[in-house]
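FYI, the numbering for the sequence shown is 0 to 167, going by numbering that gives the first Met the number 0.
Note that these hints are calculated values from the structure, not bench results. No residue lacks a Cβ here, since even glycine has one placed at the ideal position from N, Cα and C. Take the hints with a grain of salt, since some may be wrong.
Simulated DEER-style distance windows between Cβ atoms [stated by the list, open to error]:
| id | residue 1 | residue 2 | range |
| --- | --- | --- | --- |
| 1 | Ala-45 | Ser-73 | 20 to 26 Å |
| 2 | Arg-120 | Phe-152 | 26 to 32 Å |
| 3 | Arg-97 | Gly-164 | 18 to 24 Å |
| 4 | Arg-124 | Arg-97 | 22 to 28 Å |
| 5 | Glu-9 | Ala-76 | 40 to 46 Å |
| 6 | Ala-158 | Leu-101 | 23 to 29 Å |
| 7 | Arg-166 | Ala-40 | 20 to 26 Å |
| 8 | Arg-61 | Phe-152 | 18 to 24 Å |
| 9 | Arg-97 | Ala-40 | 20 to 26 Å |
| 10 | Ser-6 | Gln-137 | 25 to 31 Å |
| 11 | Pro-12 | Ala-158 | 36 to 42 Å |
| 12 | Ala-16 | Ala-155 | 33 to 39 Å |
| 13 | Arg-120 | Gly-39 | 15 to 21 Å |
| 14 | Glu-72 | Ser-6 | 42 to 48 Å |
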Amino acid sequence: MRRWELSWRERPPEEAAHFNPAFCGELISRTAAAYHQGNGAAIPLALTFLVLPLVLHPVTRRALPGRSNTTFESWSAQNEDILVNVPERVLALRPITRESLLFLAQLGSIDISSVGVALGRHPIRMPAKMATATEETQEIRRRAGLIGRWFAFQPAPAAILQAMGVRI
0 MRRWELSWRE
10 RPPEEAAHFN
20 PAFCGELISR
30 TAAAYHQGNG
40 AAIPLALTFL
50 VLPLVLHPVT
60 RRALPGRSNT
70 TFESWSAQNE
80 DILVNVPERV
90 LALRPITRES
100 LLFLAQLGSI
110 DISSVGVALG
120 RHPIRMPAKM
130 ATATEETQEI
140 RRRAGLIGRW
150 FAFQPAPAAI
160 LQAMGVRI
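Kindly produce the complete structure, drawing on both the sequences and the hints.
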């Protein structure tokens, strides 16, 4: 049995804390909401699979740009050494992303269609700052929103995936 097939009670506590569908779903929701604010559209489904590998990995998270108007081409050229491992992380976290998307869809927090992922009838509450969150958790949440805004200003999802080395 693979580790992602274990029940939540059988998983190591640190994995259960960082990779639970509620937390990861919130990150994907933040990205989808920010993407929609940026260009009025649903975020392409393929791009949602980049969220967790980018924001949960500390080195990558710190390398993300500070502003959403940073050109993607220049950032990716300057960070090739970090991006080389993104495809592996996308594959490793694919089950967690799927589980989080399914969790959100079951709650009605997101709608998944051929257009992409949009906030649903019952979006989860995403306060700017949580009273009991650690600084790292706050940073992860902020970066998830940044990714949504940043991706919204890019010309094509295929260019983002290609620069990250991810094949569909």
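Here is how each hint holds up against the structure:
no.	hint	in the structure
1	Ala-45 / Ser-73: 20 to 26 Å	holds, 22 Å
2	Arg-120 / Phe-152: 26 to 32 Å	holds, 27 Å
3	Arg-97 / Gly-164: 18 to 24 Å	holds, 20 Å
4	Arg-124 / Arg-97: 22 to 28 Å	holds, 23 Å
5	Glu-9 / Ala-76: 40 to 46 Å	holds, 43 Å
6	Ala-158 / Leu-101: 23 to 29 Å	holds, 28 Å
7	Arg-166 / Ala-40: 20 to 26 Å	holds, 23 Å
8	Arg-61 / Phe-152: 18 to 24 Å	holds, 21 Å
9	Arg-97 / Ala-40: 20 to 26 Å	holds, 22 Å
10	Ser-6 / Gln-137: 25 to 31 Å	holds, 29 Å
11	Pro-12 / Ala-158: 36 to 42 Å	holds, 39 Å
12	Ala-16 / Ala-155: 33 to 39 Å	holds, 36 Å
13	Arg-120 / Gly-39: 15 to 21 Å	holds, 18 Å
14	Glu-72 / Ser-6: 42 to 48 Å	holds, 43 Å
In the structure shown, no violation is registered for any of the earlier numbered hints.
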